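Chemist: First to last, the protein sequences are chains A, B, C, D and E.
Sequential numbering of the first sequence, starting at 1, is according to my numbering.
Sequential numbering of the second sequence, starting at 378, is according to my numbering.
Sequential numbering of the third sequence, starting at 750, is according to my numbering.
Sequential numbering of the fourth sequence, starting at 1122, is according to my numbering.
Sequential numbering of the fifth sequence, starting at 1454, is according to my numbering.
Don't read these hints as lab results, they were simulated from the structure.
Bear in mind that the values here come from a model prediction, so they are computed numbers and not experimental data.
There may be inaccurate statements among the hints.
Selected chain A positions facing chain D (Cβ under 8 Å, derived; list incomplete) [claimed, not checked]: (1) 62; (2) 85; (3) 234; (4) 247; (5) 340; (6) 366; (7) 368.
Okay, the calculated bits of chain A under chain D, using three or more residues with CB under 8 Å as the criterion [stated by the list, open to error]: (8) 87-99; (9) 130-138; (10) 285-299.
C-beta atoms are modelled at their ideal positions from N, C-alpha and C, and glycine is treated no differently.
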Amino acid sequence: SGGDGGDGTGGTTTSGTTTGTTGGGGSAQGSADVRAEWGLPDLDYDVGDSLNVFQWTDYWPSGTVEIFEKAYGVNVNVSNYASNEEMFNKLKAGGTGQFDLIFPSDYMVNILASQGMIQQVNLDKLSNFDNLERRWIDQAPYDPDPGRWSVPYQWGTSGCGWNTNMTPDIEYPFSWDLMWSDEYGGQMTMLNDMRETIGASLKRLGYSLNSTKESEIQEAKEALIEQKPLLTTYSSVSRDAALQNEQASPVHLWSGDAFSAYWATYTDGESPIGYRVPKEGGVVWVDTAAVTKEAANVNAAHAFITFFLNAEINAKISNYVYYPTPNAAAKEYIDDAALNNPAIYPPDEVMQNLEFIRNIGQATQLYSEAWTEIQNA
Amino acid sequence: MTEYDVRMDGVTKRFGDVLAVDDVDFEIESGKFLTLLGPSGCGKTTTLRMIAGFEEPSEGAVHIDGEQVNDRQAFERDTSMVFQSYALFPHMTVGENVAFGLQMQGLPGEEPNKGALDRLLRRDNSEEIRERVSRTLELVELPGMEDRDIDQLSGGQQQRVALARALVTEPTVLLLDEPLGALDLKLRKNMQVELKNLQEELGITFVYVTHDQEEALTMSDEIAVMNDGHLEQLGTATEIYEQPASEFVADFIGETNLVHGDYATVDDGAVLESNGVTYRVPEEADAEGRVAFAIRPEKIRLGEEAEGLPNRFEAEVVDEIYKGNLGKFEVRLANGQDLTVDLQITDQGEYLSVGESVEVGWRPENAVVLTR
Amino acid sequence: MTEYDVRMDGVTKRFGDVLAVDDVDFEIESGKFLTLLGPSGCGKTTTLRMIAGFEEPSEGAVHIDGEQVNDRQAFERDTSMVFQSYALFPHMTVGENVAFGLQMQGLPGEEPNKGALDRLLRRDNSEEIRERVSRTLELVELPGMEDRDIDQLSGGQQQRVALARALVTEPTVLLLDEPLGALDLKLRKNMQVELKNLQEELGITFVYVTHDQEEALTMSDEIAVMNDGHLEQLGTATEIYEQPASEFVADFIGETNLVHGDYATVDDGAVLESNGVTYRVPEEADAEGRVAFAIRPEKIRLGEEAEGLPNRFEAEVVDEIYKGNLGKFEVRLANGQDLTVDLQITDQGEYLSVGESVEVGWRPENAVVLTR
Amino acid sequence: MATERTSGGSGLVTRVRRHRYVGLVFNAAPATFWLGVFFVAPLAVMLYYSFGTRGAFGTVLLDPEHLGIQQYAYFFVPDGASIPQTIWWTLGWALGHFVPFVPNVAGGEPTAYVQLLFKSIYFGVVTTVFAFAIGYPMAYFVARKAPANYRNILVALVVLPYWASYLVRVYAIKIMLAKNGLLDNLLTTLNIADNVSLLYSNFAVGFGLVYIYVPFMILPVYASLEQLDTTLEEAAMDLGADRWDAFRRVTLPLSMPGVIAGSFLVFIPAVGAYVIPELLGGTDTATVGEFIASQFGSAGNWPLGAAAAFILMVIMFLGIWIYQSRTGGDIL
Amino acid sequence: MSSVTVSWFKRTRSRFIQRFGGVALGLEAIALYLFLYIPIVVMIALSFNDSQTAIVWKGFTTEWYSALLDGRAIARVDPQAAWIALKNSLYIAAVTVVVSTTLGTMLALALDRYDFPGRSLLQGVTFMPLIIPSIVMGISLLLFFNFVGLTQGIGTAIIGHVAFDISYVTVIVLARLSSFDRTLEEAAMDLGARELETFRWVTFPIIKPGVIAGALLAFAMSFDDFVVTFFIIGNQNTLPIFFFGMVRQGISPGVNVIATVILLATFALIALAQKVAGLTW
Ligand SMILES: Nc1ncnc2c1ncn2[C@@H]1O[C@H](COP(=O)(O)OP(=O)(O)OP(=O)(O)O)[C@@H](O)[C@H]1O
Ligand SMILES: Nc1ncnc2c1ncn2[C@@H]1O[C@H](COP(=O)(O)OP(=O)(O)OP(=O)(O)O)[C@@H](O)[C@H]1O
Ligand SMILES: NCCCCNCCCN
Ligand SMILES: [Mg+2]
Ligand SMILES: [Mg+2]
């Protein structure tokens, strides 16, 4: 229910087969055939034989990790989370040594770095770093200087999705008020994500979603408490399924989930699913890979980053999750339908309306308290 | 008032295939003490439970106080039961246990408008109930024990509470199912006397179940001996002991010597031949062919006392058991017939020893011929 | 071998404040049957458990077979116990139960080097053990029952297995704590006889605990009557019954009439004056002042038989209880003294009824003067 | 014959071996150690943390200047209320909220967390009452009415689901209650309601709690009824009680130990439930269990979570203690 | 008086109960059994549903099960991960059962056999894990491991499981011991058995059913635990944790399939345990 920030938590361990012929360093490990098949580089460092990854729920197609495992002879253990806060607290509780590689969003990279919970990425170990579009490297206000702390994985927006079978009358442009309308009471869900959901409320009220003003945050909180009876639940996971199975609409969700639902229901050139960022604007975000401070398998973590920076792999992921990729090289493998969809890759004028969530320092406390109160109201 | 408080009329009870009670007829006169006696499983409890209303007869009719009560439920019958296990309510005090029956009856005449719901909501504790409870506890010699918990009582005290609980409603018939079975011997003997006195004092009809023949002999006005579901014999203690109707009864009640043989009438009476010895026995109209006679150990005389008796034989003492008040001797006749003889030790030191030769004898009238 | 198998030497046992056994001394001759008799809680079990080694005496010494064994544990003593509850191992067959003691002893002479650990790891089942188990089962009349489960046995059979298990190790002394307590009356009587026979046959010393005086009288060579932790009297059955040492013993064993009064010696013997009546009693060296005498109900004569007896009184029958083999009469002397008289009913019909006047009498020798 | 076995070495070894506490120490020490270190000590640590303060980004400040009872105050005391006000508001609100027909006469409300606590206790009570209402008759049926030779099977059927993974069963409930699921369809077909979303509601949480915990009520009640001497009921009827009175006055009170045990077994986990409300509940079904969990998850406020956990534990123990001291009975 | 005067109301009420009471209770019992089993049956049935959504019946298929056997993902549920979680669960439960059964049995013996100062305190502490809400136990262990700096994982999970399983074993073995007839031990000693022999040959075989029952319960409690494990297992998964993640993502045919397999596997395991244990009882 409204409770824990992490539905989808506790995650699933994908993993298995150590195909690795345990051998010397570098690329001697793993299967050269598999590397060749996907165009993966041989590595000039010892990868080691295991890797603990902490990743968002459902953020790559199944089978992806197996390719890495086979290619480099590494046994990968994956756990999942459903919000940045959940991931952060898990690291706090159990130590950062539990995982080698994590996928924080923008603002969380900043927090983690300032808390000393991640280490800098060694660009020397990433032969294909330049596959990334420049703008995601140059304009990364969340990545502290000096050095490089994070490597973009996927990016996207947060907005509203709907299913016309349930709510035929929704038409863009609409305001965030949509999510407060009595008409859809009992069939809406909001993200179970502190910054996202309070952010949406702030936006609706015309404030910055990085507001640090107590009064504004209070106001946003009141609005959310008012909205609560209209919601079935707060959830960030399987929103695609909820839309697709007509269990909720409209839904506050991340763009990729909306398009998963869109394509799953796509028949005869149309789909009942729609997605837009409300006109007041919303969140643009980028999820990145970062290496934890106490990572035991730093090399394997870098190997994995190299792996997903690979154009084909990255496109394979993007084509599955329907998020825009920050990887320029990958674009040639991405479905055109996605590339040309302005709702997936928003045009600049839309982008201008969007904000990154930022590390707002001590003010985070205000959000936490508000979020706790919302959930328990 | 009818003459009979309880009448069983061809009552039969089957549990599936088991024939627990088989066509039983008897009547109990008002104010009498009737004992149902018999070995385990013979149907005593079932009979009692049919009177109480816990079981319905498969056939036949149960009458209480002149009315056929077959289809009355237990709480509609004017009987009270004392259970072997006492069945005291463990969550109530002594006083509450005893008051229970009065409360359930709603004490007719008192607070007449109180409906069942009222009583359900609060237990009533009117003056009259208190009064009667205290009187009844005095009767069973537990005065002032109202507030004790059941588990603070000894077995004997619990027994008395069970009795008080059954008596307090002044039932027409009191039913007792081995009420003393759980007590030790000494207490049991005391309670036998007390129960009997109480019954005589109150004049209530008792139906008493036991498998202890001594208890039955001591207490009853009449004894109904049951065997395998049917009634073997109904009679007074003396009748049952001295004129048993069957080998079963003779054997079950008291100790006895049974001798099987061929019956024949002779000039001056009857004889029974067994193993080459001819015993004189009382005449018995039904007897013919192979029958048996029974002679009680205490009816056999030894030594001089045996002289001149119609049945008189040489015997050897083969075993002796000292019992304090009596000696129990196993004697063997010349034809190998063993007999048990009880000899009351009326003087210190007087005794027989194993191996001794002795004369034994008895009067034919003291034996009974048994045809079944 | 010493003359005495068991000797208790000033043995006392305290449980906290409770004095369970109080300075008890006795000896048991080899091969004898000694019964510890007394009311519940008098310390019988505790005494037995000190012999077995389950309790250590607080004071005094226990000797078995001539050796002081106070600080030997149960498994180091050459005694075997038969428990009231039998304490058969429910997870073992009859054979395994009986074999257990032999296996634990490691059968001396056989596989002599087996240490405790060895025995811990496996139980052995050698030919000899099998042999002895089967012999012992025959002894208790359960031949060939080795493979039965315990719960397939009747109470009486379980009793025999318990006996066999205790006997198989050929203990010097067999200890039995109310071994027949759980059996019904009929079976109990049979087992009494069998136990006694077995004991005579095997010549093993038995220490037998019971609170049933009839059992004690029937079986024992010697009886130790205990009361409240101490030994009241030690003697044969006849001694205990006919010459009780105290009022307690007289009252506890059998029934008795106790008359309290003032003792005085006269020319030709002794008398006791009570309530205006002078009774002739046997002379008793210790007696003086207020004492009592006891006369057993069966020693009192009625009617003609009372004629000419030194003690002879007019009395009235105030109560009668019919017991089949005897009549129990409550008679009241002129001075209000009540006496119980047992009359064996040696002829049918012969009987007295309440209210009748009758003469009672007894020989002074049949009475006992009790000074404590 | 004397075939005694003599104990080797009498002196010190024997005496030590025979000392009454040797066996005790040997047997009790390992488990006592384990429980002491991995059960009692963690509770102590939890208590310690509950006096801490949360720093930015979820750090826990435990230095002297941050140690205090502020978490408890935050939990119990509404903004700007004095202690008497807190008590008055809390009591007044609770009465007004849970007792029918009583208005909230107090001028304010207790904190959201206290409300949450009340709500969880209310969930526990409702679950217990329902479990009793449906569990008792069934236990009675199995113990008293069902043919004796079916009794064991019937009991086994109650226990069987309990062996199935708890989460699997909650999932099964989720399927039942889902939109367009079995119950939804049933209600639609019966024309009772259309297209209702039963999932993500108080109803769903209550349904799940009862579903999961009702065996805990049935089993002890069955056990107490089964061992209850039926002659007691007969005795009551013999004394003039009809069937209802006999049940009401004798059977029911005597089965109370089972009912009480069952009630505790249902109530305790229901109040602390975390998984069921998490999976079946919606936005308005937060419980203390979820609240505590979220303080260690997304909310990242350990001291508050620890304080709430400690408060929950104390409330449970108080309940049990009050019961035991009033009746002298054991619940287990 | 000839018969007891009984109110019409009572007589009728009693007759009514006599006649219809049993039937009414029977119907209630049937309804409750349905309540307990229908959801599970529906869940299993829907695991054969030929649909991606798993709720509305669209037709029969065993496709999901073949996918499972082939190691293919079923609607995002990755069987590979389920197997690893299963392995972890079995491993944790196995170690937990061995340790907690041993310690719990010993503790039960100590509590049953000795009277010592602090006995009731120890007994209280032993029962506490049974009545403390799981979440409290999970949280306190999490904080404790964090406090002493133990890295969370399978090892810490086992530690936590043993801590609550000791209680289950102790309570059950204590119950068994309370009906244990101590004279059996005396009988054994009397027949020449020393303390250890007595334990090996008499005490243990007789309390064994209790020990086995305790072990079975301990296994079930460990194998099925979610809440405590969730907080203390670090980056590892057990079956319940894996499954919790799945369930939170919603209803999908994959979850049905895994749930059904878990269910059947548990039943098979229990049946096996009963059988093995039954043989040794
Ligand atoms: N409810 C029942 N169902 C089936 N058989 C029964 C039932 N009650 C009694 N019986 C059988 O009926 C027969 C008579 O039983 P009953 O209890 O009346 O014997 P009893 O004379 O009281 O024996 P006991 O002295 O052992 O109490 C027995 O064979 C018994 O097994
Ligand atoms: N372990 C014990 N702790 C405290 N008191 C005990 C213990 N064992 C026995 N007693 C007390 O010692 C006294 C004698 O007990 P014991 O068991 O020897 O009596 P008993 O003659 O065998 O009685 P019964 O015929 O009832 O078996 C009793 O008062 C009893 O309560
Ligand atoms: N299913 C994975 C979705 C990941 C989305 N991350 C968004 C972070 C926004 N703050
Ligand atoms: Mg009977
Ligand atoms: Mg004793």
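Chemist: All the hints need checking, so say for each whether the structure fits it.
Modeler: Hint by hint, here is what the structure shows:
Using the Cβ-Cβ criterion of 8 Å, the hint placing residue 62/A at the interface with chain D is not satisfied: the shortest such distance is roughly 21 Å. A hinted interface residue such as residue 85/A counts as satisfied when its beta carbon comes closer than 8 Å to some beta carbon of chain D; here the least separation is about 4 Å, so the hint holds. Because the closest C-beta pair between residue 234/A and chain D is about 6 Å apart, less than 8 Å, the hint holds. The interface hint given for residue 247/A holds, since its Cβ lies 5 Å from the closest Cβ of chain D, which is under the 8 Å cut-off.
Evaluation of the residue 340/A hint against chain D yields a violated restraint, the C-beta minimum of about 34 Å exceeding 8 Å. Because the beta carbon of residue 366/A sits about 11 Å from the nearest beta carbon in chain D, more than 8 Å, this interface hint is broken. A distance limit of 8 Å between C-beta atoms decides the matter here; for residue 368/A the minimum to chain D is near 6 Å, and the interface restraint holds. Using a Cβ-Cβ cut-off of 8 Å, 5 residues of the segment 87-99 of chain A lie near chain D, which meets the minimum of three, so the contact claim holds.
With a threshold of 8 Å between beta carbons, the proposed coverage of the segment 130-138 of chain A by chain D is violated, since 0 of its residues qualify and at least three are required. Under a criterion of three residues with beta carbons nearer than 8 Å to beta carbons of chain D, the stated coverage of the segment 285-299 of chain A fails, only 0 such residues being counted.
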